[in-house]
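Sequences and hints are given; from them, build the entire structure.
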Amino acid sequence: MTSSKQNTLPLSRSDTWLIRVLAVASTAAACILVLIVLFMLQEAWPVLQRIGLLRLLSDPAWHPAEGLYGLAPMVAASLAIAAGAVLLAGPFGVASALFVRFYAAAPLASAFRLALLLLAGLPSVVLGLWGLTVLVPLIGRIEPPGASLIAGVLVLALMILPTIALTTEAALDAMPESYLRGAAALGLSRESTILGVILPAVKGSIMAGVLLSAARALGETVVLLMVTGNVVRLPVSLFDPVRALTANIALEMAYAMGDHRAALFVSGLMVALLVLLFVLVSRRLGGGWSFNV
Amino acid sequence: MRKHFAAARPAMLFTALLLWSGTVARADEARLILTGSSTIAPLAAEIGKRFETLNPGIRIDVQSGGSSRGISDARSGIADIGMVSRAPNPGESDLKFFGVARDGVSIILHRDNAVPSLTDAQITGIFKGNITDWKDVSGKPGRITVVNKAEGRSTLELFLNYFKLRNSEIKAHVVIGDNAQGVKTVAGNPGAIGYVSIGAAEFEAGQGTPIKLLPMSGVAPSVENVRNGSFPLSRTLNFVTKSEPQGLARRFIDFARSRNVDDLIKAEYFAPFAE
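Protein chains in written order, with numbering that gives the first Met the number 0: chain A, 0 to 292; chain B, 0 to 274.
These aren't lab readings, by the way, just hints derived from the structure by calculation. Some hints could be false.
Coverage of chain A stretches by chain B, computed from C-beta distances (three or more under 8 Å per stretch; other residues unrestricted) [to be verified]: (1) 130–143; (2) 225–232; (3) 250–256.
Which residues of chain A face chain B? A partial, calculated answer using Cβ under 7 Å [said to hold, decoys possible]: (4) His62; (5) Pro63; (6) Ala64; (7) Glu65; (8) Ala146; (9) Pro240.
Residues on chain A that point at chain B, a partial pick, calculated with CB under 10 Å [what the hints assert, rightly or not]: (10) Ala60; (11) Trp61; (12) Leu67; (13) Arg242; (14) Ala246; (15) Asn247; (16) His259.
For each residue, glycine too, the CB sits at the ideal point set by N, CA and C.
Here it is in structure tokens:
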């Protein structure tokens, strides 16, 4: 196959059609995204204009019925949950990818990979239900009420662990064989090969995978709605109940009107903004591929 | 490829035609507009759907916006029927109220909680955070977990009204969305206290979920007591009209108050209105 961008051959008929179809499909996808963001802006506009972003972030509490629209605790909660989940799932995910790739016997590796794929495919509502009926009561025995920041972190870590493990594994697979051969020729042990050659070589793509899963953690809704307690306040301890931005929308949208509804759209815009930030950073890191050997 | 596109063209034309004919047909349909309480709106929409199936050519439009909008829209004639989830106020005797269903809220505890009942003052104290241990309300020592509803829910509104509380006064440890989540939260925490629609609580307790419903002022919490009006933490969900309803509005109100919609009412965890 010739690389399409450097293709100097004249385009065939079917190519012309394919290009048209691809152009229509990608333009449609991009337009829909732009329309969604515009729609959210339009819905959020009344409250942005009347109340202002400053008050939305600085109001002392979230009581829309009483005219208080403080979103800051929820922004903090969303970030705390995502950060916690990534800090927990990151090392485990990378470790399990290294284990599968370099240490596990073939049958064990394939069984483990299957388990990861299964975990990745598990609908979040199932994990949430498990969290609500098993994990939350367990945590509640240590420190009531149980529905808390830590419960959200644990369930989300479980959710994004397969993503991190699988992207890390893909990065390891994409690494040129010559690196390993070079390390072997230098007589390096397996440990030093992993720590000194492999990890430095793939750290950019690992970080990219981690940040992408962090973006997913930020956008997760159902699980958080079920296990974090949904009380709007700044998290101080791991056992404090918190409310994520996404859970806020899911909890109240069906019953909201006027400024309250618009403020929920601001919550949505903030999630979108945070996800965008994570994706941009992850692309920068992921751009550091250096396998052109 | 080209063939596919050619095939798609008549299909698009057909769709456009279909849409166009749809708008034309809609213009001469009979319409009934309902506005008001967001508690009643989902139920009214369900009843409306069934009414539309039984009476082709009729459209029932349901818009929520609160009980006060139901009153003002019915009075001004913007809506044919207003939806109001409370008893008529003294200044509203010019309007006609028709009870459609009754809504009741029950306080629920974990089944293993030894506390047999709570007074209104104790419940207020617990939800305001003044009472934080079960031993203060003659239970076994243990921290109380207050389970509150999310903003905008009708159960929250009914609860706040009854106990004369503002939502900002409640010191909640867990905030929940729907009734099922409330039941699961309380079932998973022996120190929890929450409140949910009686229909939902009664159903779950009957299924063996470890929760118990507390009596209020000595009245047992049951759908039956909500229906006959003896349970204190309950209210009537009304359809309201400006004058004695005629024609389509009359038919729809009669339909909504008939036995034909009992299943819809129960599905929303309300109690059918006593005939």
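Here is what the structure says about each hint:
Residue count for the stretch 130–143 of chain A with a Cβ under 8 Å from a Cβ of chain B: 6. That meets the three needed, and the coverage hint holds. Proximity of the stretch 225–232 of chain A to chain B, defined as three or more residues with a beta carbon under 8 Å from a beta carbon of that chain, is established by the 5 residues found. Here the stretch 250–256 of chain A counts 6 residues with a CB under 8 Å from a CB of chain B, which clears the bar of 3, and the coverage holds. Interface restraint check: His62/A against chain B, minimum CB-CB distance 5 Å, threshold 7 Å, status holds.
Because the closest C-beta pair between Pro63/A and chain B is about 6 Å apart, less than 7 Å, the hint holds. Interface restraint check for Ala64/A: the shortest CB-CB distance to chain B comes to about 6 Å, inside 7 Å, so the restraint holds. Given the 7 Å rule on beta carbons, the hint for Glu65/A holds: about 6 Å separates it from the nearest Cβ of chain B. Checking Ala146/A against chain B: minimum C-beta separation of about 5 Å stays under 7 Å; hint holds.
Hint status for Pro240/A relative to chain B: holds, with the closest Cβ pair at about 6 Å, below 7 Å. Hint on Ala60/A holds. Least Cβ distance to chain B is approximately 6 Å, under the 10 Å limit. A distance limit of 10 Å between C-beta atoms decides the matter here; for Trp61/A the minimum to chain B is near 8 Å, and the interface restraint holds. Checking Leu67/A against chain B by beta carbon gives a least distance of about 8 Å; that is within 10 Å, so the hint holds.
With its C-beta approaching chain B no nearer than about 7 Å, Arg242/A sits inside the 10 Å limit, and its interface hint holds. Given hint, Ala246/A at the interface with chain B, holds; its Cβ is 9 Å from that chain's nearest Cβ, closer than 10 Å. Residue-level restraint check for Asn247/A holds (minimum Cβ-Cβ distance to chain B is 9 Å; threshold 10 Å). Annotation: His259/A was flagged as interfacial toward chain B, and the flag holds, the nearest CB pair being 7 Å apart, inside 10 Å.
Checked against the numbered hints given earlier, the structure satisfies every one of them.
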